[in-house]
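J.: Line order of the protein sequences matches chains E and W.
For the first sequence, counting from 1, position 147 maps to 147 in the numbering used here; every step adds exactly one.
For the second sequence, counting from 1, position 125 maps to 1125 in the numbering used here; every step adds exactly one.
Hints in this document: simulated from the structure, not taken from any laboratory.
For each residue, glycine too, the CB sits at the ideal point set by N, CA and C.
Heads up, some of the hints might be wrong.
Estimated spans, in silico, between C-beta atoms of each pair [claimed, not checked]:
| no. | chain 1 | residue 1 | chain 2 | residue 2 | range |
| --- | --- | --- | --- | --- | --- |
| 1 | E | A157 | W | L1026 | 37 to 45 Å |
| 2 | W | A1062 | E | L213 | 33 to 41 Å |
| 3 | E | V175 | W | A1062 | 52 to 60 Å |
| 4 | W | F1047 | E | T223 | 33 to 41 Å |
| 5 | W | L1026 | E | V194 | 14 to 22 Å |
| 6 | E | A157 | W | E1077 | 53 to 61 Å |
| 7 | E | A57 | W | V1040 | 23 to 31 Å |
| 8 | E | T223 | W | L1043 | 33 to 41 Å |
| 9 | E | V239 | W | F1047 | 45 to 53 Å |
So, partial list: chain W residues that the calculated Cβ filter (under 7 Å) puts toward chain E [unchecked claim]:
| no. | residue |
| --- | --- |
| 10 | T1041 |
| 11 | I1126 |
| 12 | A1127 |
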Amino acid sequence: MAAEAQEGGLSFHPLQQFEVHPLFGDGPIHWYTITNATVWLLLAAVAVVIFFVVGSAGRKLIPSRMQSIGEMGYDFVHNMVVDVTGEDGAKYFPIVMTLFLTIVFSNLLGLLPGSFSPTSHIAVTAVLGIGVFLFVTLLGFWKHGFHFLGLFWMKDAPLALRPIIAVIEMISYFVRPVSHSIRLAGNVMAGHAVMKVFAAFAPMILVSGIGVLVTPASILAITAIYALEVLVAVIQAYVFTMLTCVYLKDALHPGH
Amino acid sequence: MATTTTTTEAATEVAHGAAKAGMPQLDPTHFANQIFWLVVTLLVIFFVLKLVALPRIAGTLAIRRGTIINDLAAAEELKQKVFAAEQAYNDALVSARAEAGKIVTAAKADIQADLNKAIAKADAQIAAKATESAGRIDEIRAGAQAAISEVAKDTAKELVSALGGTADARSITAAVTARLKG
Chain E
1 MAAEAQEGGL
11 SFHPLQQFEV
21 HPLFGDGPIH
31 WYTITNATVW
41 LLLAAVAVVI
51 FFVVGSAGRK
61 LIPSRMQSIG
71 EMGYDFVHNM
81 VVDVTGEDGA
91 KYFPIVMTLF
101 LTIVFSNLLG
111 LLPGSFSPTS
121 HIAVTAVLGI
131 GVFLFVTLLG
141 FWKHGFHFLG
151 LFWMKDAPLA
161 LRPIIAVIEM
171 ISYFVRPVSH
181 SIRLAGNVMA
191 GHAVMKVFAA
201 FAPMILVSGI
211 GVLVTPASIL
221 AITAIYALEV
231 LVAVIQAYVF
241 TMLTCVYLKD
251 ALHPGH
Chain W
1001 MATTTTTTEA
1011 ATEVAHGAAK
1021 AGMPQLDPTH
1031 FANQIFWLVV
1041 TLLVIFFVLK
1051 LVALPRIAGT
1061 LAIRRGTIIN
1071 DLAAAEELKQ
1081 KVFAAEQAYN
1091 DALVSARAEA
1101 GKIVTAAKAD
1111 IQADLNKAIA
1121 KADAQIAAKA
1131 TESAGRIDEI
1141 RAGAQAAISE
1151 VAKDTAKELV
1161 SALGGTADAR
1171 SITAAVTARL
1181 KG
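Please put together the full structure from these sequences, using the hints given.
T.: Right under this line is the structure:
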């Protein structure tokens, strides 16, 4: 109300879009409650089914458009996994593919007007980031035992520097899940919030004379930011997946 | 005690209010919910991909790769065949040309032989005709000679008798023959 009064009729609620509320009724949110977040997460799963199961059903030699999208996504992630981790990383491809598709479809569906971005929530990305961290760490110890700690012990550094480097490497290793998850949530959230701020300026023309200038400028800005956000949605999914591959490579080949 | 409770309640309220007014992402009341549904979504997508989508796409891609390799091999084979066929065609063309050359030479030789024969025959005929004609000319010439001396003898006898003389045949013949030689 205060904001409205100050801005003379414009309402600024750039963070309202991130609120989680139950889809049915108005009760408390239990762990099983179906919320708007649930719907958009499950819609990402539906999108995966449409593009990768329905689309690939034709198995045509010359692919249809839908089939092509699925095959390009397959090739893209498969090549990424094999290029970064090597041939022995190929068996972790379904996991990496799951991460990539979950994030990319959540990001893109979240750009629909009135939708909800699950990836804008740190709770979601933290689970993804910590999940990847635990997975690659356990995989590293399972594959290499204590040799996995060689990851922190730089053999080509001077002996005197090695303990210091080991400490730095250790810190950077444990910061990985933090940066991994905050990068994704931060990017998605910031873009959506900026769009909402510009959107709040759009009805200025109804409020005051200066709106003649402000309204077209804000609509133009929304359009530009939206285009940028489509790019960010895909790039952040790519970055997350790529980093997962890099961490996986460290777990599979800790000696570089 | 009451103050502490009030303070705690107030702090909670403030924190909650801050979460409401501030970032909904930091409101821990729905973390469990989001994490649960995220895990559900991840499992659904993982099993859909693992069990259905990825094997199917991998199969399609493998079949396509196989088809492309086979097609390329077939194309290579056809190319070799075309090359061989072209080679054979060129060989056939060269040998046909050589054959044609031979036939032309043989035909020319035949024609030349026929021509030579015909020319020889014609020459022989011409020679025979010429000889025959020469004989006849000689005959005619001889006949004419005889006729001329006859006429000359008669004319001389008539002239002599017209002039009033009498001449014996022997002297006239001698005189005419002498004149004809001169």
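J.: If a hint holds in the structure, say so; if it doesn't, say that too.
T.: The hints, checked one at a time:
1. E/A157 with W/L1026: 37 to 45 Å: Between E/A157 and W/L1026, where Cβ atoms are some 40 Å apart, the hint holds.
2. W/A1062 with E/L213: 33 to 41 Å: 59 Å, violated
3. E/V175 with W/A1062: 52 to 60 Å: 41 Å, violated
4. W/F1047 with E/T223: 33 to 41 Å: 39 Å, holds
5. W/L1026 with E/V194: 14 to 22 Å: 19 Å, holds
6. E/A157 with W/E1077: 53 to 61 Å: 57 Å, holds
7. E/A57 with W/V1040: 23 to 31 Å: 24 Å, holds
8. E/T223 with W/L1043: 33 to 41 Å: 38 Å, holds
9. E/V239 with W/F1047: 45 to 53 Å: Given a distance of about 26 Å, which is not inside 45 to 53 Å, the answer is violated.
10. T1041: At about 4 Å, which falls below the 7 Å cut-off, the nearest Cβ of chain E leaves the hint on W/T1041 intact, so it holds.
11. I1126: Violated, about 88 Å.
12. A1127: 91 Å, violated
The structure shown violates the earlier hints numbered 2, 3, 9, 11, 12.
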